[in-house]
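Participant: Residue numbers (the numbering used here), protein chains in the order written: chain S, 11 to 353; chain G, 11 to 353.
Since the hints were derived computationally from the structure, they do not count as laboratory data.
Treat the hints loosely; a few may be bogus.
Copies of the same chain look alike in the list, so a pair counts if it works inside one copy or between any two.
[To be verified] Quick list of in silico lysine to aspartate or glutamate cross-link-like pairs, EDC-like style, CA-CA up to 20 Å:
#	residue 1	residue 2
1	Lys25	Glu36
2	Lys167	Asp62
3	Lys124	Asp28
4	Lys338	Asp327
5	Lys25	Asp120
6	Lys77	Glu31
7	Lys77	Asp120
8	Lys337	Asp281
9	Lys77	Glu284
10	Lys124	Glu31
11	Lys303	Glu276
12	Lys337	Asp28
13	Lys220	Glu139
14	Lys167	Glu31
15	Lys124	Glu24
16	Lys124	Glu36
17	Lys124	Glu43
18	Lys254	Glu342
19	Lys337	Asp327
20	Lys338	Asp120
21	Lys77	Asp28
There are 2 protein chains.
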Amino acid sequence: MGNDKIVNDRYSNEKSTDLGERRIIEILANHFESMPNLPVPFGDDVSAVNLDSKQVAVLKTDMLVGKTDVPRNMSLWQAARKAIVMNVSDFASKGVQPTAALVSLGLPRDFMRKDIIEIARGLNAGAREYGLYIIGGDTGESSDLIISISLYGTAEKTALMLRNGAKPGDLLAVTGFFGKSSSGLCLIMDNCKASADLSEVLLNAVCMPKARLRDGLALGSSASVTASIDSSDGLAWSLYEVGKMSNVGFIVNSVPVASEVRRFAEFNHLDPLELSLYGGEEYELVTTVRPKKWGDAVSAVEGVGGCLLPIGKVTRDKQIFLDVDGKKQVIEARGWEHFKSKL
Amino acid sequence: MGNDKIVNDRYSNEKSTDLGERRIIEILANHFESMPNLPVPFGDDVSAVNLDSKQVAVLKTDMLVGKTDVPRNMSLWQAARKAIVMNVSDFASKGVQPTAALVSLGLPRDFMRKDIIEIARGLNAGAREYGLYIIGGDTGESSDLIISISLYGTAEKTALMLRNGAKPGDLLAVTGFFGKSSSGLCLIMDNCKASADLSEVLLNAVCMPKARLRDGLALGSSASVTASIDSSDGLAWSLYEVGKMSNVGFIVNSVPVASEVRRFAEFNHLDPLELSLYGGEEYELVTTVRPKKWGDAVSAVEGVGGCLLPIGKVTRDKQIFLDVDGKKQVIEARGWEHFKSKL
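The shape of chain S in the complex, shown without the other chains:
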């Protein structure tokens, strides 16, 4: 029988919770043989396979797990829609339109027909909202609710906005303001308080996240972007990922904190920068833009009803700093991480 021998090194007993999501992905990747001529490096937001000399098939899979990804006030409809949105966001960050989705669904034994219908409607709504269709899937029994989504699309290889192209001097820009999702999670988990109006905005950010697909497609067409990632694990982590893959650092001159987050933070004596830099579960795009193409990038995003906010620039020095009003401090390499973060 092909059973592998247990690995006898002194680290072999480290637990998943010690390792965290990123180390686990590194361990996995180190044990996979690489496909020759892979058009997208392992570890980018999506994967791809060459179709011909110009076109690639773009693929992505990510699962939503009830226990860790669905806060208690999120409905099944919303959870199912979110499972689609979080995968669409990865396509958005590469500038690729997904066309089809497959669903692999793990359901607890006590789930009822009405629950299944609610999940099906949420999946379909999420798919149609972003112009794709669900074309297949499978289901089985599991202890947690598991919604594993696989997305497919095609793209010109040279048009993909990967994580590894940022150059010193490029401008750093994001597609929106940060911190609403993490503030909403604080409201749900931590006994924080907010007015009814403010609560609605913050909870809506958690339960009805939006993927910046139109913005990503527009940026892709503008040929102005040198690197791109989504902010699903938090703005700080996104910067560290692009920094690592592009071999650069960043100076951030202004953190785009949402006005609602400033109000929420003040009322609850929280740090708005903490909420905006290290939150996660947010789906803005974080991009680096060639300075000469800045006008094109802004026009492209504004042309589809979005906004592109300049927040800093790419540096040769590989560290990542916040530099506001002459006060320079290190942005830390932390954010949302499975096995380590908690809902």
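On the provided structure of chain S, position chain G as indicated by the hints.
Facilitator: Only chain G this time, still in chain S's reference frame:
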């Protein structure tokens, strides 16, 4: 908020365990809008999207869940390999070579580094055994071990062996003998007994299943097959699925019971037909072949070291009968089904 209203019909409280895997997939499919010009109907072994007028991208996702799909004597290496094999088998049944896989991995908190390495090696071994590469993936925390695999490949649209093409008069054929996996599961679960030699064969069938990829690709090239499916839910279920999608029935004249299964059944006072027809977790191909092309089909499979066993024929009458030695009995519509069957 986009929350759906709860469905108020009298069936809405039926549980997953009452509905079973097949009804759940029907409910889901009924709530998904259909992609126009879908080249493969929803519910076939794989899904596909048109690439151009001739080529399609072929996609499949299916998850292995520790609790329901991994018997207790299967190692993590074997479980990970099996997650690949069960998806490759679906590609095999359509005559399509998969080229790339993505992995979405749900890990319990107490899994250790050595467990993760064992899973990574099993995944890589399964992929390379069938000529594909793992090009991406994600991981998160879950209560059960979850290994969700997504496969990708391309094919000529007209070469796909779908479930819906069987015609009355076609020959019914399979790529091997049945019952070893279900006998192996009986050994593991039910206090059955067998000699050491026999146990090894039967447990190997459970822990190291093989996908009939070479056979499927050869059959696809022979242009002799009118319908095809794999037997992962049991031979009987496979016949019912092809029967339903092709609007036909079957007469089975001989059930290809493995010789080891006859010996095992005799020793344990079990019915070898029951083990071979209704077992599941077996990955033979079940195909219908144009009578004039029978010789081509056999040569194709034998050319890659396999065998094609004729076991009956396709009928206009939509029932499915076993007719051996003039004794005719109905083959029942049952087999392995998630939420209903138990490991």
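Participant: Hint by hint, say whether it matches the structure.
Facilitator: Outcome of the hint check:
no. : hint            : result
1   : Lys25 x Glu36   : within (15 Å within a copy, 39 Å between copies)
2   : Lys167 x Asp62  : both (10 Å within a copy, 18 Å between copies)
3   : Lys124 x Asp28  : between (38 Å within a copy, 13 Å between copies)
4   : Lys338 x Asp327 : within (14 Å within a copy, 80 Å between copies)
5   : Lys25 x Asp120  : between (30 Å within a copy, 6 Å between copies)
6   : Lys77 x Glu31   : within (16 Å within a copy, 22 Å between copies)
7   : Lys77 x Asp120  : both (15 Å within a copy, 15 Å between copies)
8   : Lys337 x Asp281 : within (17 Å within a copy, 80 Å between copies)
9   : Lys77 x Glu284  : neither (24 Å within a copy, 39 Å between copies)
10  : Lys124 x Glu31  : between (33 Å within a copy, 15 Å between copies)
11  : Lys303 x Glu276 : neither (38 Å within a copy, 78 Å between copies)
12  : Lys337 x Asp28  : neither (34 Å within a copy, 63 Å between copies)
13  : Lys220 x Glu139 : within (10 Å within a copy, 40 Å between copies)
14  : Lys167 x Glu31  : neither (28 Å within a copy, 39 Å between copies)
15  : Lys124 x Glu24  : between (41 Å within a copy, 8 Å between copies)
16  : Lys124 x Glu36  : between (40 Å within a copy, 14 Å between copies)
17  : Lys124 x Glu43  : between (43 Å within a copy, 18 Å between copies)
18  : Lys254 x Glu342 : within (14 Å within a copy, 58 Å between copies)
19  : Lys337 x Asp327 : within (18 Å within a copy, 82 Å between copies)
20  : Lys338 x Asp120 : neither (53 Å within a copy, 40 Å between copies)
21  : Lys77 x Asp28   : within (19 Å within a copy, 24 Å between copies)
Comparing the model with each numbered hint stated earlier shows that hints 9, 11, 12, 14 and 20 do not hold.
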